[in-house]
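Novice: Sequence:
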Amino acid sequence: MMADEGHSVQLAARVLGVSASGYYEWNTRAPSARSIRHALLTDAIREVHTLSRGTYGFRRVHAELTLGRGLVVAHGTVELLMQRAGLKGVSRPLHTIGTVVRADGPFISVRVRSRRGVTHLEQYRRRDGSCVGGRGQTESVTADL
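Heads up: take any position in the sequence shown, counting from 1, add 16, and you land on the working numbering.
Calculated from the structure, these hints are not laboratory results. Heads up, some of the hints might be wrong.
Distance windows between CB atoms, simulated [said to hold, decoys possible]:
#1 107 with 44: 26 to 32 Å
#2 101 with 38: 26 to 32 Å
#3 30 with 91: 37 to 43 Å
#4 85 with 38: 38 to 44 Å
#5 83 with 104: 19 to 25 Å
#6 36 with 101: 30 to 36 Å
#7 52 with 106: 27 to 33 Å
#8 106 with 84: 16 to 22 Å
#9 33 with 106: 39 to 45 Å
#10 27 with 108: 49 to 55 Å
#11 22 with 75: 40 to 46 Å
#12 83 with 106: 19 to 25 Å
#13 71 with 46: 33 to 39 Å
#14 47 with 79: 48 to 54 Å
From the three backbone atoms N, C-alpha and C, an ideal C-beta is built for every residue, glycine too.
Using the sequences plus the hints, can you model the full thing?
Specialist: Encoded structure:
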């Protein structure tokens, strides 16, 4: 605050639009119940996040606190405290294409991850080089697979 930086309390109070007595009252006030609870919850959140090797986001941390430890806490509070503490979970990419299994054989299997889940595409190679799969759609096989 400005008073901590060497400015007078009267100047700081005037700039901030508060009274000097209000500043002194605020400065000597005991911490609120909410700030004490948030400090304790932040410690618990840090512990859960560290035990997960930094992979858990606020949803999993919330689940661990409520289901695993029996604490009553809202998921929004966990999200807020994780943001304030600078903690983030690891998120997976939105779209990845996996490895083609046995591309040289008669069967090709590809797993595609998208926002809605994992799709497993299967295609069978014909003797003429074309491919049939899924809902009977015919596509030519390329070397890119």
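Novice: Next step is simple, just say for each hint if it's right about the structure.
Specialist: Hints versus structure:
{"no.": "1", "hint": "107 with 44: 26 to 32 Å", "result": "violated, 44 Å"}
{"no.": "2", "hint": "101 with 38: 26 to 32 Å", "result": "holds, 30 Å"}
{"no.": "3", "hint": "30 with 91: 37 to 43 Å", "result": "holds, 42 Å"}
{"no.": "4", "hint": "85 with 38: 38 to 44 Å", "result": "holds, 39 Å"}
{"no.": "5", "hint": "83 with 104: 19 to 25 Å", "result": "holds, 21 Å"}
{"no.": "6", "hint": "36 with 101: 30 to 36 Å", "result": "holds, 34 Å"}
{"no.": "7", "hint": "52 with 106: 27 to 33 Å", "result": "holds, 30 Å"}
{"no.": "8", "hint": "106 with 84: 16 to 22 Å", "result": "holds, 19 Å"}
{"no.": "9", "hint": "33 with 106: 39 to 45 Å", "result": "holds, 44 Å"}
{"no.": "10", "hint": "27 with 108: 49 to 55 Å", "result": "holds, 52 Å"}
{"no.": "11", "hint": "22 with 75: 40 to 46 Å", "result": "holds, 45 Å"}
{"no.": "12", "hint": "83 with 106: 19 to 25 Å", "result": "holds, 21 Å"}
{"no.": "13", "hint": "71 with 46: 33 to 39 Å", "result": "holds, 37 Å"}
{"no.": "14", "hint": "47 with 79: 48 to 54 Å", "result": "violated, 28 Å"}
Checked against the numbered hints listed earlier, the structure breaks hints 1, 14; every other hint is satisfied.
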